[in-house]
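Could you build all of it, start to finish, from the sequences and the hints given here?
Protein sequence lines correspond, in order, to chains A and B.
Each residue of the first sequence is one higher than the one before, counting from 4 in the working numbering.
Each residue of the second sequence is one higher than the one before, counting from 4 in the working numbering.
Just so you know, not all the hints are guaranteed correct.
Any copy, or any two copies together, can satisfy a pair, since identical chains are not distinguished.
Mimicking PhoX-like on lysine-lysine, the simulated pairs with C-alpha atoms at most 25 Å apart in a straight line are [to be verified]:
1) K270 x K223
2) K304 x K253
3) K187 x K15
4) K45 x K270
5) K321 x K273
6) K253 x K45
7) K321 x K278
8) K358 x K229
9) K15 x K358
10) K229 x K306
No lab work stands behind these hints, which were simulated from the structure alone.
Protein chains: 2
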Amino acid sequence: MLVSIISAGMSKMGKRDNLSSRELFAEAYLECMQRVPNLDRKEIGAVYVGSQSEIYEHQIMYGNMVAETVGLVPKAAIRVEGCAAAGAIALRSAIIDVMSGLHDIVLAVGIEKMTAQSTEIVTDALMAASEPLEQINGLTFPSIYAMMAVEHMHRYGSTIEDFAKVAVKNHLNGSLNPKAHLQKQISIADVLSSKVVAWPLKLYDCSPISDGSAVAVVCKPELATKYTDSAIQVLGMAAATDTLGLYNRKDLSWPNAAAIACTEACKIAKMDLTKVKIAEVHDAFTINEILLSEAAGFAEKGKGHLLIREGETSINGKISINPSGGLKARGHPTGATGLAQVYEIFLQLRGEAGKRQVSQADYALALNEGGSDAVVVSHVFGR
Amino acid sequence: MLVSIISAGMSKMGKRDNLSSRELFAEAYLECMQRVPNLDRKEIGAVYVGSQSEIYEHQIMYGNMVAETVGLVPKAAIRVEGCAAAGAIALRSAIIDVMSGLHDIVLAVGIEKMTAQSTEIVTDALMAASEPLEQINGLTFPSIYAMMAVEHMHRYGSTIEDFAKVAVKNHLNGSLNPKAHLQKQISIADVLSSKVVAWPLKLYDCSPISDGSAVAVVCKPELATKYTDSAIQVLGMAAATDTLGLYNRKDLSWPNAAAIACTEACKIAKMDLTKVKIAEVHDAFTINEILLSEAAGFAEKGKGHLLIREGETSINGKISINPSGGLKARGHPTGATGLAQVYEIFLQLRGEAGKRQVSQADYALALNEGGSDAVVVSHVFGR
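Spelled out as structure tokens, the structure:
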């Protein structure tokens with residue numbers, strides 16, 4: 004094992020009017036600290052904060068912002084960024100810090116406050132993740148994932164009904180998650196009749212724009228029992244990249260960075276994925292849950308849509324994918340998403356996930372993606 | 004020692020018209036790689052990139068951008084940010100990565116392309132580093148450092164002539180540095196007669212807006228001799244924070260985060276600062292070189308201005324401060340500055356600094372600051 008996670012917390016996700024990222028962070032942090040009453044905040048040696056964009060709140064230096072909010076100044080506090088993978092990058096940074104011996108206990112934070120801005124501004128801020136030439140030519144995230152979807156349909160025979168099923172499943176899971184942004188169940192007909200955003204993707208194929216924060220406390224394994232009897236363990240971790248420009252990629256229907264990150268993380272964890280019963284993966288668009296289920300090896304290449312088609316990714320299916328509701332329903336405050344995935348896994352592995360609890364889950368995988376599979380961070384967890 | 008630095012490189016700093024940060028990075032990287040012909044780029048395990056703002060080039064994901072530019076995809080590549088301390092944070096991240104055992108060789112990169120934007124846009128992007136209430140009330144960087152200067156003048160008797168002497172020294176040093184943004188010598192009269200930006204700071208008390216990039220290769224100490232006989236060693240490293248809001252600070256004339264980072268780094272290095280003969284410190288404004296010389300312990304509290312007044316910080320003075328010309332003359336492409344400091348120290352400790360070479364320098368200190376002393380990273384180097 005690399006490190007232990009002794010606590011985690013998450014704000015309610017959604018359109019959190021009149022709350023800044025600072026306050027959303029505080030909400031997540033308070034829950035987190037309440038789980039570990041023996042932890043004095045002065046024992047936290049450093050803070051890593053993932054946030055995607057400085058546009059939303061006209062703010063950089065989120066490391067300082069977070070540290071100041073909860074009295075961690077003068078500790079080291081640093082922002083990390085990799086678009087929507089910022090949250091998992093913050094966790095990765097905290098893990099590496101503890102592994103290096105620099106600190107015993109480190110706080111990882113993800114934050115984003117998006118809904119106070121217009122959709123135009125959010126779209127513009129997200130487009131900054133793309134390659135310059137592709138930005139100029141108008142490639143937005145929905146259009147990028149639409150191309151991936153078309154490629155997958157063409158090569159492997161996936162259908163818009165398969166994509167819709169991902170949305171239906173994740174909305175069902177979200178309806179069981181009191182912190183989810185969208186808690187409304189929907190039908191396949193709802194998805195198929197929703198407005199086309201970028202064909203074949205419709206409104207319900209797209210994750211919402213959300214506000215939120217999630218946090219986790221990383222601890223040197225030898226010290227974890229001082230704070231909790233039910234820490235979860237990070238067994239493996241890896242990050243990988245692909246080209247920013249899609250024009251440089253060989254196969255739009257294959258998320259290569261995700262596949263590499265997943266393989267490496269499992270190698271470090273010395274385990275194969277058949278043991279994994281839960282995966283929180285980056286379903287910013289429904290097609291991406293299918294692509295990532297292939298990259299993670301839950302399905303063979305080109306057969307990810309068969310998993311959802313056959314109901315194998317539902318809670319207590321062969322592999323429970325996105326029991327939290329995923330980005331699709333739990334919500335997608337970009338910089339917070341990676342740690343929101345970890346929060347769900349933290350609850351699930353401790354048996355605290357309530358109505359959406361997956362039974363007999365000993366191992367879990369998180370896949371958080373920034374850009375269009377441009378940077379991916381994978382973590383493998385155990386009890 | 005923590006790690007070795009086996010190579011470094013820096014672009015020419017300045018107004019680099021028609022070049023993007025990608026091309027400036029490539030310039031720095033090529034110099035860096037030419038110093039270590041035995042290093043195959045495939046041996047680089049990860050990349051950390053410091054950049055301050057996404058505004059200048061409408062770009063996030065600089066980790067990917069850099070990795071893609073020089074063929075490092077699919078390696079892990081991550082952006083870190085702490086305003087103008089982003090460069091030293093990238094180095095710190097690379098060091099921690101190697102210390103953790105994750106990778107043996109890691110590339111640290113700093114980049115910023117600022118001059119293609121108007122001064123208004125740059126000012127606005129920099130103000131995002133401040134506390135929200137202070138942003139709204141119009142506190143720009145020059146006005147913040149002006150308040151610090153006034154406080155120091157009032158408490159300790161420093162004068163505008165002392166500040167001017169910092170500018171004159173650093174312009175002299177810059178005139179000896181062929182990669183400096185400003186290579187023109189100036190007089191005290193030039194400084195005092197230049198336009199007031201925020202009293203007592205005049206135009207020549209302020210560092211310029213620059214484009215540039217700097218890089219360093221961090222290596223596990225045991226492997227360094229495979230690549231070079233003249234690696235430099237990182238002996239100590241620390242980061243510390245202060246509150247974002249100045250209204251929360253007790254003493255505007257005391258950079259507390261810098262003092263803590265410096266003390267901790269020296270403690271880790273197990274050395275006292277009397278051995279240090281070279282310091283590259285964050286003179287974004289002339290007053291700050293004085294404040295940081297106190298924080299680093301080169302002068303007692305309240306006596307930093309006496310060092311410059313008595314000429315003790317000139318090249319081959321008691322302590323050579325900013326032999327590169329500092330931010331003031333070498334230039335200040337925000338995210339690159341921390342690694343530009345390291346590049347200078349790399350040259351100096353190897354005896355490759357040409358006309359500005361400090362004699363018998365075995366140890367050196369770098370202090371890189373983000374925001375108004377809100378986050379500071381300190382590194383102590385030896386040969």
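Each hint tested on the structure:
Both within a single protomer and between protomers do K270 and K223 lie at most 25 Å apart by alpha-carbon distance, with minima of 21 Å and 22 Å respectively. Only within a single protomer do K304 and K253 lie at most 25 Å apart by alpha-carbon distance; the minimum there is 15 Å, versus 60 Å between protomers. Proximity of K187 to K15 under the C-alpha cut-off of 25 Å is restricted to the intra-copy arrangement: shortest distance 15 Å within a copy versus 57 Å between copies. For a Cα distance limit of 25 Å, the shortest separation of K45 from K270 across copies, 20 Å, qualifies, whereas the shortest one inside one copy, 35 Å, does not.
With identical chains, the CA atoms of K321 and K273 are at most 25 Å apart within one copy only, with a shortest distance of 21 Å there and 55 Å across copies. In the homo-oligomer, the alpha carbons of K253 and K45 lie at most 25 Å apart only across protomers (21 Å), although the nearest pairing inside one protomer, at 49 Å, exceeds that limit. Only within a single protomer do K321 and K278 lie at most 25 Å apart by alpha-carbon distance; the minimum there is 11 Å, versus 63 Å between protomers. Proximity of K358 to K229 under the C-alpha cut-off of 25 Å is found in neither arrangement, the shortest distances being 30 Å within a copy and 57 Å between copies.
In this homomeric assembly, K15 and K358 come within 25 Å of each other (Cα to Cα) only inside a single copy, at 17 Å, whereas the closest approach across copies is 60 Å. For a Cα distance limit of 25 Å, the shortest separation of K229 from K306 qualifies neither inside one copy, at 45 Å, nor across copies, at 46 Å.
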